[in-house]
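Using the hints provided, position chains W, P and E relative to the given structure of chain H.
4 protein chains.
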Amino acid sequence: MAFSITRAAHAELRVTDLERARAFYVEALGFVEIARGPDRLYLGGLEERDRYSLVLRHAKSPGVTHIAFRTSNPDDLDSLANLYQSFGCPVRWLAPDEEEAGQGRALRVQDPTGLPVEFFHEIAQRDRLLQRFDLYRGAHVMRLDHFNCQVPNVQEASDWWVKRLGFSCSEYTVTEEEPPRLWATWLHRKQNVHDIAFMNGIGPRLHHIGFWVAETSSVLRACDILAALGMVDAIERGPGRHGLSNAFFLYLRDPDGNRIELYTNDYLIPDPDWTPIRWSINDPRRATFLGPYPTALLVRGGGTGRGHPHPGVDARF
Amino acid sequence: MAFSITRAAHAELRVTDLERARAFYVEALGFVEIARGPDRLYLGGLEERDRYSLVLRHAKSPGVTHIAFRTSNPDDLDSLANLYQSFGCPVRWLAPDEEEAGQGRALRVQDPTGLPVEFFHEIAQRDRLLQRFDLYRGAHVMRLDHFNCQVPNVQEASDWWVKRLGFSCSEYTVTEEEPPRLWATWLHRKQNVHDIAFMNGIGPRLHHIGFWVAETSSVLRACDILAALGMVDAIERGPGRHGLSNAFFLYLRDPDGNRIELYTNDYLIPDPDWTPIRWSINDPRRATFLGPYPTALLVRGGGTGRGHPHPGVDARF
Amino acid sequence: MAFSITRAAHAELRVTDLERARAFYVEALGFVEIARGPDRLYLGGLEERDRYSLVLRHAKSPGVTHIAFRTSNPDDLDSLANLYQSFGCPVRWLAPDEEEAGQGRALRVQDPTGLPVEFFHEIAQRDRLLQRFDLYRGAHVMRLDHFNCQVPNVQEASDWWVKRLGFSCSEYTVTEEEPPRLWATWLHRKQNVHDIAFMNGIGPRLHHIGFWVAETSSVLRACDILAALGMVDAIERGPGRHGLSNAFFLYLRDPDGNRIELYTNDYLIPDPDWTPIRWSINDPRRATFLGPYPTALLVRGGGTGRGHPHPGVDARF
Amino acid sequence: MAFSITRAAHAELRVTDLERARAFYVEALGFVEIARGPDRLYLGGLEERDRYSLVLRHAKSPGVTHIAFRTSNPDDLDSLANLYQSFGCPVRWLAPDEEEAGQGRALRVQDPTGLPVEFFHEIAQRDRLLQRFDLYRGAHVMRLDHFNCQVPNVQEASDWWVKRLGFSCSEYTVTEEEPPRLWATWLHRKQNVHDIAFMNGIGPRLHHIGFWVAETSSVLRACDILAALGMVDAIERGPGRHGLSNAFFLYLRDPDGNRIELYTNDYLIPDPDWTPIRWSINDPRRATFLGPYPTALLVRGGGTGRGHPHPGVDARF
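Residue numbers (our numbering), protein chains in the order written: chain H, 1 to 317; chain W, 1001 to 1317; chain P, 2001 to 2317; chain E, 3001 to 3317.
Since the hints were made in silico from the structure, they are not lab data. Any given hint might turn out to be false.
Here are some, though not all, of the chain E residues that point toward chain H, as calculated from beta-carbon distances under 7 Å [to be verified]: (1) Gln3131; (2) Arg3132; (3) Asp3134; (4) Trp3160; (5) Val3174; (6) Thr3175; (7) Asp3224; (8) Ala3228; (9) Val3232.
All residues carry an ideal CB built from backbone N, CA and C; glycine is no exception.
If we strip away everything but chain H, and leave its shape as in the complex, we get (with noise of 0.2 Å):
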């Protein structure tokens, strides 16, 4: 059976002050501000047409209500439903607009990973921004690309996402015990490296949203703004290149403390019988290609970086 489960497509963060996390995610990322309700606030990218991909909530606690995907089959939605239920997961239907304004009939389970995840296939669409270029601000943030979840065993996640679900992996990190035990996946429905990942670790987490951007250069972009205002502290990792997916990415934390990743450069994937890419989690550049970016402040003289024995070179007669 395949679901018709087309790309990761929004997701709903809790955040704790909505003023803060718009002067983050509107005018310092540049991510289009659609609407408001009362208590949230309905955010996109550029190149998308859904009326929204990221919705901000506000709440006590910083956190994620929900991942979504959507189905181009609305029929699918009962069919999850039943197979969801028939694993004993919770399931749950929202009606049209009930908590996201736009969306159609929706279905919320709770994944065998632990993870919140909802299901629709409607939602109002809006006119795309891609050639509002007058519009562009901040990282030019063009969709949403992917979620990446820490989940304790990867197996059992990427079984239920590969075999119940449909998807495919692209890529994935194998320890170097014998056998091998799946330590990451990335697993795609669009045709590029992912939609979802699942990362070893304590969970279930999600450890951030991936969002799509034009070029490097807005990676660059989004660093100089966020230090320009003052939000350098947001600059969690990067920019850099991962190993694994090829993507340029910039990790960065709202005031809240939720991650987020500023991606782009990976590789499209047309062809459904594609060769996974196996990668040891013991090389060094699966997770940054560019190396680890030692944090020694050089220009303060104390600084070696990478262990070098000299810091700076002596300049005799």
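Okay, now just chains W, P and E, sitting in the frame of chain H:
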């Protein structure tokens, strides 16, 4: 008295293996290989007309033999010799081609800071390659930009280079003592931020030689190429942006540990009455405008980056 | 019936001088040279795993011998043969390696549009070079993206490729007659704007083959390199941005006059129920979003560009 | 006698509608709006410290009222007045703030070329915005770079500006007559290619004012934004690369037809004894390194571009 010093022009680095150094500078970074002598390799940038700007000299240990500045007036070499001698600094004359092939008569001095400095007027010219885009490789290194040096007494170094040699200060850093002490200074003759900088530290030492690259994307490409060639350990810090100078930069170590910087995106200073920009040593944006780039490998699950309380975001149903 | 056609995969161009063509494709543009046969040169892009995506074949006159699509299901080759035969189209089977080394059994058909189309399932794979940044040259050609064809009857071509072969329309152009006539259509199987486009015109003709390059800067670099190599006449139009597809592009002519396009920056279409974007033939932004680029050489003093009334601005005291 | 002229500093353009001009310069191109007077709008670039570099003045017809240069020595204003008067050129003194708010005492002259030139020493300073990346908009205009003027006798103009005012030539164009005639010349005081250029043509006329933008991508972004705002007619020529100066450029017309250039990527000239680069007027790469950009709208089927014999490639079975 004003000397006609026009710019930082070239330097000679000691390397223990010329072929290994060539693989780094020419094959990875795209320096132009101009010529070879018995124990020297002459390299240059795409924009330069001087025959060379970086000489790699085979030696038993790494380091720098001298940093060189050009004067537009040939007579200034004698005036400079007189000045240095009148302050008891050792001086030495090199005949044309005596050490570096293509250079005219040159003056070597041991600067009051202790640094080995060369002044010359004449150097063989070559066709510049600025519009030979077919030859652009690696980081698209355009020209030598500056020398950055560590000295124990920055005020003394500054006094010499400003008051005696006629350099101007573009930006500087002071301590927060009362009265403040000059902690670092960026001095220039050509019209961008610096030809030479002095920073407080153990010295005299050459901290790095800065090379101008064409655009920020050149810096990213250098990272990618180094990683692809298995030279990721050469990446010491960055890519990032300096607060001071505004330059987008990358610090690299050559295979012998000599440090160079890829540098671009500072600004023009056409007015001699420019008001220098003052930074406090405690301004976190001074050295690294974009923040310290924590090394925590977050995707391995344990890293938290910048002390954020939770590595992932709880995902509860 | 839906065929498992996954993407535009490769094409074979006739060239009259293989060495001259190699200088253009490999030395200037940076296509990867994979192999040589007695009268063929096999080229590929940096992201591809297929052994090749562009075959240059020595011939007495330029042109294209066939454009090829991959199916993920090997049995679809037979189904496609049946379909074409049932409509009276000539078909021909090629044994593995019969023409192109590394390709499995392949079906050649003369499409109802008259175009020579090949379908194949199996092709030898090679290590992709996506992360061999040290090998990136020229325009950083990543992969073949699409074929653009001229036909006298676009509606008929569209009907065949959509209704019979299962392609989807991303964008299209209509005349302003009543009722409007389909003037051009962009059809895709992989999830970006097109694998094949049909435009109204004398035909059947291949207008161009589009190759994906990594970023907009890749297009600019290609221009610079071609100019540096004395191949500026290869630049036919651009760099510019298409309104339709949003792609940043450059049209080039190879030394035999075969046209290719460097293409990047379109968008992802993950939903099968995508509403195609409609353009009027008279919308000036459709073909060239940025305008027609007048040729007037203004700096020679006589050019006025776009009919502006004065070539310079009067400077009166 | 050498005057302490440091750079092209600002200009005042006449525009017939201040709001319409503001939409072009500020909203589309991202010039910083500094202040407004009753009939003037003061604009600047992100890197500048001078209060303004472009003044838009409401007038009945377009044109330029003057182009202005700064001297670092205030006494040079008097020396310049003497020089001009001794050659019979009209001169006029402006009191501080007499016309432009923030400028000190200024000298207006009618240059021997007929151009209206201003010299000043003092101008109010403002905080530069170089590191206020959050304020970067449009083309990221950094600073005024140069003036390009048309005159009937380039040799006379050159003699005045080089021999009398102390400018240096970076590059020049000669006719192929015997002896060759100076056809155009690029003159500088600051250390890049030019502060003022003179080209042969009907004049005296200001051909354009050049503004420095940060990177080549800034030029592309300007094109996209202008097109998105329905101002595509403002794009007169480019984006392209000049052979002479090597700059990547775009010529624009403001809503009144005043021409400006977005300009980046030329090179530094730190040596006063620079050997000027000579171009022949018939070198096709001089004005447009990348070729003339034919206008033929190829996708409409009829265009052939550059005289290629076939608009598409025959596709025969």
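So, going through the hints one by one against the coordinates:
1. Gln3131: holds (6 Å)
2. Arg3132: holds (5 Å)
3. Asp3134: holds (5 Å)
4. Trp3160: Violated - the Cβ of Trp3160 (chain E) stays beyond 7 Å from chain H, reaching only about 43 Å at its closest.
5. Val3174: violated (40 Å)
6. Thr3175: Because about 42 Å separates Thr3175 (chain E) from the closest Cβ in chain H, which is outside the 7 Å limit, the hint is violated.
7. Asp3224: For Asp3224 (chain E), the interface hint holds, since the closest Cβ of chain H sits about 4 Å away, which is under 7 Å.
8. Ala3228: Holds, about 4 Å.
9. Val3232: This interface hint is violated because 12 Å lies over the 7 Å limit.
Going down the numbered hints, you'll see the structure goes against 4, 5, 6, 9, while the others check out.
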